[in-house]
Amino acid sequence: MSSGEKKEYWRWQESCWIDESKDWRAAKIVTAGIDVGSVSSQAVVCVDGELYGFNSMRTGNNSPDSATNALAGVLEKSGMKLEDITYVIGTGYGRVNVPFAHKAITEIACHARGANYMGGNKIRTILDMGGQDCKAIHCDEKGKVTNFLMNDKCAAGTGRGMEVIADLMQIPIAELGPRSFDVDEEPQAVSSTCVVFAKSEALGLLKAGYSKNKVIAAYCQAMAERVVSLIERIGVENDFFITGGIAKNVGVVKRIEKLLGTTAAETKYDSQIAGALGAALFGHTLMLKQGASATKAA
Amino acid sequence: MIANYGYKDGSGEYYISIDTDKCTSCSAGRACLTACPKEMFEIITDDYDDEVAAVKQSFRRSLAFDCSDCKPAGGYTSLPCSTACTPGAIKHSW
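So the sequence lines, in the order shown, correspond to chains A and B. Sequential numbering from 1 applies to the first sequence in this note's numbering. Sequential numbering from 1 applies to the second sequence in this note's numbering.
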């Protein structure tokens with residue numbers, strides 16, 4: 001790497017996946033959910049109410065383009081065309097800017113529905129740790145929201161905060177979680193009120209002789225404390241499920257579990273697609289209500 | 001559904017909770033819309049197609065300031081929104 005080249009430690013792994021065992025051409029209803037978030041965008045395609053494929057990528061500076069690019073990944077890999085999709089629902093911050101969506105639904109309802117699919121119908125509490133906000137959600141056995149709370153006023157307890165720390169530590173973001181456990185003793189949490197304060201406090205700890213791993217542990221603990229204080233307002237009812245990119249950070253997840261005294265349900269799916277998956281499932285339900293003979297997407 | 005609008009910051013937690021199950025059959029004639037001096041409430045169609053009250057997006061990150069005039073320091077002994085909502089759907093966390 002040249003001296004002038006800047007490595008992007010914050011950059012997380014984008015992914016695109018198709019279930020090769022399913023044939024979308026044989027499906028009666030093909031629906032798509034597009035989650036345009038503040039940091040990442042996902043497109044999920046469901047065939048007859050089952051997950052068929054998804055694409056997860058970073059949100060660009062233009063919501064319509066991000067939505068189009070996210071869906072294009074799935075379409076390209078599957079040989080599908082937009083016209084083959086019966087119904088499209090947009091969700092996330094950019095939900096009203098999905099140019100080909102038939103309807104927009106809030107990410108709160110979509111995450112609950114997606115978590116219900118991914119974690120099973122026993123899921124009652126969902127913690128969505130998104131790019132620039134955090135949501136605590138209660139739902140019933142059908143994935144319908146019964147109580148929700150969100151905090152989008154600051155970046156503390158969000159994925160963007162973790163990206164800032166990855167850049168500061170110059171450690172790839174995927175390594176932060178495991179490295180946070182490689183410490184002699186658990187440090188005190190840094191400020192959990194504000195990412196800017198947390199960053200300056202982390203710098204101070206490094207100057208004071210803390211190892212990078214210890215600073216990361218202090219930040220993971222701060223993030224866990226932040227979101228736990230949020231979720232405790234609505235209470236935790238098992239089963240408990242975490243969605244969003246931070247669900248992939250074992251350093252934060254294990255500390256949340258310890259603070260709450262419960263274990264998060266595991267899933268074989270990518271935690272980042274919950275919102276888009278929920279949107280696609282909403283689309284399927286709407287199509288069933290309207291009759292499967294609905295018109296194809298324009 | 002209990003919808004909590006607001007935030008937590010360094011100074012405290014500021015949430016307005018609305019029990020939307022009580023909104024769908026509002027017996028107060030949507031009194032919250034006019035009771036709030038700042039007209040912070042609106043009626044929306046939620047994700048489950050119910051018409052319910054909600055705090056307008058523009059107020060959700062500044063409740064501590066926007067609601068301060070209706071708190072005891074502003075001369076009120078009870079909140080106009082909670083008082084007007086006779087079904088008891090609206091609560092403040094602070």
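If you are wondering where the hints come from, they were derived from the structure by calculation, not from laboratory data. Where hints are given, some of them may not hold.
[As the list claims (entries may be wrong)] Quick partial rundown of chain A residues pointing at chain B, CB under 7 Å, derived from the structure:
no. : residue
1   : Thr68
2   : Ala72
3   : Leu75
4   : His102
5   : Ile105
6   : Thr146
7   : Asn147
8   : Lys153
9   : Val196
Virtual Cβ for every residue (Gly too), placed ideally from N, Cα, C.
Verification of the hints:
no., hint, result
1, Thr68, "violated (24 Å)"
2, Ala72, "violated (27 Å)"
3, Leu75, "violated (26 Å)"
4, His102, "violated (14 Å)"
5, Ile105, "holds (5 Å)"
6, Thr146, "holds (6 Å)"
7, Asn147, "holds (4 Å)"
8, Lys153, "holds (4 Å)"
9, Val196, "violated (12 Å)"
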